[in-house]
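Chains as they are written, first to last, in my numbering: chain A, 31 to 141; chain B, 143 to 253.
For the record, the hints were derived by calculation from the structure and aren't laboratory data. Hints may contain errors.
To be verified - For lysine to any residue, the following SDA-like pairs were computed, each having C-alpha atoms within a straight-line distance of at most 25 angstroms:
hint, chain 1, residue 1, chain 2, residue 2
1, A, Lys86, B, Ile240
2, A, Lys86, B, Thr243
3, A, Lys86, B, Pro238
4, A, Lys89, A, Val74
5, A, Lys86, B, Gly185
6, A, Lys100, B, Pro156
7, A, Lys86, B, Pro236
8, A, Lys100, B, Pro211
9, A, Lys89, B, Ile240
10, A, Lys87, B, Ser219
11, A, Lys89, B, Thr152
12, A, Lys87, B, Pro236
13, A, Lys100, B, Thr243
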Amino acid sequence: TQLLEQSPQFLSIQEGENLTVYCNSSSVFSSLQWYRQEPGEGPVLLVTVVTGGEVKKLKRLTFQFGDARKDSSLHITAAQPGDTGLYLCAGAPGGSYIPTFGRGTSLIVHP
Amino acid sequence: SQTIHQWPATLVQPVGSPLSLECTVEGTSNPNLYWYRQAAGRGLQLLFYSVGIGQISSEVPQNLSASRPQDRQFILSSKKLLLSDSGFYLCAWPRPGIGYTFGSGTRLTVV
């Protein structure tokens, strides 16, 4: 059983389109992180969300943490080929310091 | 500065041969360290974590072992590799308030 469920698993879009990826759980997290990973490299942290209902923006990327701190979303506006990669959400469920990762959303943005 | 190093970047090993992957951290002391394995383009599976010298916790029983001989060194080993050990291995360092910093990864191919 996957503690963090990410959807969709795969996304192939054209440059300029908008997209949203989701990270859902039945558990409460004190914080969730989003990472982007390019082939052959380690994941790189994009953002950490901590407060329920929090919205953070990173240029064209908007991250939201659910009010109940069980889910999060990542919205990309006007996607560019440079956004291509595997997007992973991660967090440690309440009471644990061991991080768990979703399976990721593989995004391809075609020029 | 605080950095994490992982090597080698790629490795091709025959079945039955030994393995040693190394991860070192600079700019901090007594960090928690993790070893993950990632299937092709997908999520991360936690293999081992360590909270200090000589302290190793295994999450998944398998053909691999880990050691923490020094404060900032974390080693992943195997005495005899199996074909199923092929994968992308990542060392991770959780940094409070920042998130997880990953090494650049090791692509292991067992032939």
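We went through each hint and held it up to the structure:
Between the alpha carbons of A:Lys86 and B:Ile240 the distance comes to roughly 15 angstroms, so the proposed pair stays at or under 25 angstroms and holds. The hinted pair formed by A:Lys86 and B:Thr243 meets the criterion: a straight-line CA distance of about 20 angstroms does not exceed 25 angstroms. The suggested pairing of A:Lys86 with B:Pro238 holds, with an alpha-carbon distance near 19 angstroms, which does not exceed 25 angstroms. Restraint check for A:Lys89 and A:Val74: satisfied, since their Cα atoms lie roughly 16 angstroms apart, inside the 25 angstroms limit.
For the hint linking A:Lys86 to B:Gly185, the alpha-carbon distance of about 24 angstroms falls within 25 angstroms, and the restraint holds. For the hint pairing A:Lys100 with B:Pro156, the CA-to-CA distance comes to about 44 angstroms; that exceeds 25 angstroms, so the pair is violated. Between A:Lys86 and B:Pro236, the direct Cα distance comes to roughly 21 angstroms. Compliance with the 25 angstroms bound is thereby established for this hinted pair. Straight-line distance between C-alpha atoms of A:Lys100 and B:Pro211 comes to about 38 angstroms, which puts the hinted pair past the 25 angstroms bound.
Distance check on the hinted pair: A:Lys89 and B:Ile240 sit about 19 angstroms apart at the alpha-carbon level, within 25 angstroms; holds. Between A:Lys87 and B:Ser219 the CA atoms are separated by roughly 41 angstroms; this puts the pair beyond 25 angstroms, and the hint is violated. Straight-line distance between C-alpha atoms of A:Lys89 and B:Thr152 comes to about 34 angstroms, which puts the hinted pair past the 25 angstroms bound. Distance hint between A:Lys87 and B:Pro236 is fulfilled; the C-alpha atoms sit about 23 angstroms from each other, no more than 25 angstroms.
Of the supplied pair hints, the one linking A:Lys100 and B:Thr243 holds, its CA atoms being roughly 23 angstroms apart against a limit of 25 angstroms.
Checked against the numbered hints above, the structure violates hints 6, 8, 10, 11; every other hint is satisfied.
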